Amino acid sequence: MSVVLRLENLGKAFRLGELDRKDFFRDWKRKLFTHEAPEDDASLFWALRDISFDVQEGEVVGLLGRNGAGKSTLLKIVSQITAPTRGCVKMKGRIASLLELGTGFHPDLTGRDNIFLNGVILGMTRREIASKLDEIIEFSGVEAFIDTPVKRYSVGMRVRLAFAVAAHLEAELLLVDEVLAVGDSVFQQRCLGKIGDVARSGRTVLFVSHSTATVEALCTRGVVLVDGRCEFDGTATQAIEYYGTSREVRETDLSKRTDRSGDGSIRITAVELRNARGQVIPAARAGDAVEVGLHYVRNAATILPGLAVDLMVTSHLGTPIFLQANWLGGVEFGDLPERGVFVCSIPKLPLPVGHFHMGFELRTRIRSKEIIDGIENAFELHVEPGDFFGTGKLPELRNGVCLVPGEWTLRPVDTATLQPKEAVVTP
Amino acid sequence: MKESPADGSVAVESLQDDEAWTRVLRPGRSLFSIPWRELWRYRDLVWLLTVRDVSTSYHQTVLGPAWFILQPLMVTVVFSYLFGRMANFQSDGIPHYLFYMGGLVPWLFFSESVNKNANVFVQNAQLFSKVYFPQLAVPIAGVLTNLVPMAVQFGLFLIGLIYYLVIGDPWTKPTWWILATPLLFVQLGALGLGIGCAVSALSRRFRDLAYGVKIGMQLLMFGSAIVFPLSRVKDPADRLLFFLNPVVPPIEYFRYAFVGRSLVEPWHLAVSAVVSFAVCYIGLVLFHRAEQDAMDTV
Numbered sequence: 001m002s003v004v005l006r007l008e009n010l011g012k013a014f015r016l017g018e019l020d021r022k023d024f025f026r027d028w029k030r031k032l033f034t035h036e037a038p039e040d041d042a043s044l045f046w047a048l049r050d051i052s053f054d055v056q057e058g059e060v061v062g063l064l065g066r067n068g069a070g071k072s073t074l075l076k077i078v079s080q081i082t083a084p085t086r087g088c089v090k091m092k093g094r095i096a097s098l099l100e101l102g103t104g105f106h107p108d109l110t111g112r113d114n115i116f117l118n119g120v121i122l123g124m125t126r127r128e129i130a131s132k133l134d135e136i137i138e139f140s141g142v143e144a145f146i147d148t149p150v151k152r153y154s155v156g157m158r159v160r161l162a163f164a165v166a167a168h169l170e171a172e173l174l175l176v177d178e179v180l181a182v183g184d185s186v187f188q189q190r191c192l193g194k195i196g197d198v199a200r201s202g203r204t205v206l207f208v209s210h211s212t213a214t215v216e217a218l219c220t221r222g223v224v225l226v227d228g229r230c231e232f233d234g235t236a237t238q239a240i241e242y243y244g245t246s247r248e249v250r251e252t253d254l255s256k257r258t259d260r261s262g263d264g265s266i267r268i269t270a271v272e273l274r275n276a277r278g279q280v281i282p283a284a285r286a287g288d289a290v291e292v293g294l295h296y297v298r299n300a301a302t303i304l305p306g307l308a309v310d311l312m313v314t315s316h317l318g319t320p321i322f323l324q325a326n327w328l329g330g331v332e333f334g335d336l337p338e339r340g341v342f343v344c345s346i347p348k349l350p351l352p353v354g355h356f357h358m359g360f361e362l363r364t365r366i367r368s369k370e371i372i373d374g375i376e377n378a379f380e381l382h383v384e385p386g387d388f389f390g391t392g393k394l395p396e397l398r399n400g401v402c403l404v405p406g407e408w409t410l411r412p413v414d415t416a417t418l419q420p421k422e423a424v425v426t427p
Numbered sequence: 001m002k003e004s005p006a007d008g009s010v011a012v013e014s015l016q017d018d019e020a021w022t023r024v025l026r027p028g029r030s031l032f033s034i035p036w037r038e039l040w041r042y043r044d045l046v047w048l049l050t051v052r053d054v055s056t057s058y059h060q061t062v063l064g065p066a067w068f069i070l071q072p073l074m075v076t077v078v079f080s081y082l083f084g085r086m087a088n089f090q091s092d093g094i095p096h097y098l099f100y101m102g103g104l105v106p107w108l109f110f111s112e113s114v115n116k117n118a119n120v121f122v123q124n125a126q127l128f129s130k131v132y133f134p135q136l137a138v139p140i141a142g143v144l145t146n147l148v149p150m151a152v153q154f155g156l157f158l159i160g161l162i163y164y165l166v167i168g169d170p171w172t173k174p175t176w177w178i179l180a181t182p183l184l185f186v187q188l189g190a191l192g193l194g195i196g197c198a199v200s201a202l203s204r205r206f207r208d209l210a211y212g213v214k215i216g217m218q219l220l221m222f223g224s225a226i227v228f229p230l231s232r233v234k235d236p237a238d239r240l241l242f243f244l245n246p247v248v249p250p251i252e253y254f255r256y257a258f259v260g261r262s263l264v265e266p267w268h269l270a271v272s273a274v275v276s277f278a279v280c281y282i283g284l285v286l287f288h289r290a291e292q293d294a295m296d297t298v
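Going down the list, the protein sequences come from chains A and B.
82 is the number that my numbering gives to position 82 of the first sequence; each next residue is one higher, with no gaps.
220 is the number that my numbering gives to position 220 of the second sequence; each next residue is one higher, with no gaps.
Please keep in mind that the hints were generated in silico from the structure rather than gathered at the bench.
Treat the hints loosely; a few may be bogus.
To be verified - Computed cross-link-like contacts, DSBU-like style, restricted to lysine-lysine with a CA-CA straight-line distance of at most 30 Å: (1) A/K92 x A/K132; (2) A/K194 x A/K90; (3) A/K421 x A/K348; (4) A/K22 x B/K214; (5) B/K214 x B/K173; (6) A/K29 x B/K214.
As the structure is a computational prediction, the values presented were derived from the model and not from experiment.
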């Protein structure tokens, strides 16, 4: 076994904030006169710091981390899209990076033309594509429309075509972003299955994800990134365990949030998500029992009884999905200790797979306008596939933002009266 | 000076390390390098980008490729009327159609090459931020794309030329120098590519230059003797100034080759060729350096 990818003290800094006139003059002043290293600048944000690890041939490495932990930045550096600020990356063999499906697709070109265009953008030659063209078209399942402009395709067809091209890339090192697994769940399974095939065929894969389930299924090794640092490196299972218990995942720290309202006599300091066994989890599964915990600090000496704690869940587009509150169930908290946790248990999470936002509001009493504390978008709720309906099947987010249980029967109609008959009762 | 990290450029080297790495990415300047080998490896991409641009421009228009013809034709008609008839500018006796078209065909090729490539990073951010390839492929394809309208316009010019030859116009005397015109388009393409790339590279953070270049190209047209013959510029010093504009000698050469009248001299051409290819080289180098961190700032 040999090392195919080596990261040495990799670091990446971004400049914060909008560029304005002042930056222009400061940059030139620095270039011409002072020669100070720009990294001393306080406005630099280090998205990655001092990352070092080796990847052996044939390993499937899952990069775990929350949004903003630096996973995508790392992938972009290795993909050569952006340059490292410090350290270096060494690679062996052909590299294919899939950060997006269908990069460079042109809506006015036909499916066939786009296969070629997308293929050469990903680094294939025209001859290579031509030799695999039939295979790609067959794999995509859009043979009938292959000479139709892509703009007439449905989203699903476009994604399938794009994935078909990507699946036929030949590279020793494959860099994959999980956002690639879009589309319906059948297609996602197929994507992940293909990645699994690639992995088993002895090629090396670097896979970015915040879904522990996917990493567990696919990866042999896991690396956890926290705030741009490599916090854990081990087997996939160990990494998932670590990720599940790491401070960052355990709770979302809200104490420094400034986008909040209210007088502050109570402050919510953190939000956490737990499963039925009381373990803190980074993401919930559709249909599972979950507990949302709101850690609070009481700053005022007394709090009037009748405190209302509202928990709102909105879609990624901001559409309200549901509100859960203590007063809905007629619960009053009474005297509050100085510190504690408001816990809301949801027996069966009615959300499809996707990302949701969770906000809260504390008010002196129901429907009062006096807000004590509130953050509209306090917590990002990730929902992973689960068994809501007991069948393992789930609708998609685009079908609806919530899951509702239901039962289906067939009721015959009396052909003479056209009135429904009693349901067929099976003894 | 040792490495200056946040500068952001990357050296891609093939190292004979103890373990043979095929690619090494590190911060550091690659001051004068242009990734020729990589561009060659991605030649299919350059080709397909060109095909894409050509086949999708004027898509869903009724007239389609006729727009390639209409643009210079209308400009020529307007120029002939405005400058030739109303303002009574001279065209050295050359038929107005040939004079203006002769200037516009090379000029439009050059100016379109600049305009098309002046904003490459911003226009292609979506693509560049998702996949790596030598990004120089995009401006190069942009210039190649312009060859198509240029060829159409050139055909239009030739039709006019044949017409005037057939009616025996005394001022229309093509020379054997027309055989070298492809070189002239190579030079103008290189110059346009270089300027476009330089503007793209320099305007990735502050976009002023991209706006400025639009106005600049309009003004430059008047400084390039498209609408009047250089014989109208009497002062030799002024005329020299015109000839120092690297666009002027090739255009004048074009007129000379096909119509047989121009004041251009070989050394003008030599200077302009040297300047053009130097500008092209500088533009490509700037662009290649900008590639490394363009996606952080666009």
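Cross-check of the supplied hints:
At most 30 Å may separate the alpha-carbon atoms for a hinted pair to count; A/K92 and A/K132 meet this at roughly 25 Å. Our distance criterion of 30 Å between C-alpha atoms is met by A/K194 and A/K90, whose separation comes to about 26 Å. Restraint check for A/K421 and A/K348: the C-alpha separation of about 34 Å exceeds 30 Å, so the hint is violated. The suggested pairing of A/K22 with B/K214 holds, with an alpha-carbon distance near 25 Å, which does not exceed 30 Å.
Note on B/K214 and B/K173: the hinted pairing is violated, with a Cα-Cα distance of about 35 Å set against a maximum of 30 Å. Only pairs whose Cα atoms come within 30 Å are accepted, and A/K29 paired with B/K214 is accepted, the gap being roughly 28 Å.
Checked against the numbered hints listed earlier, the structure breaks hints 3 and 5; every other hint is satisfied.
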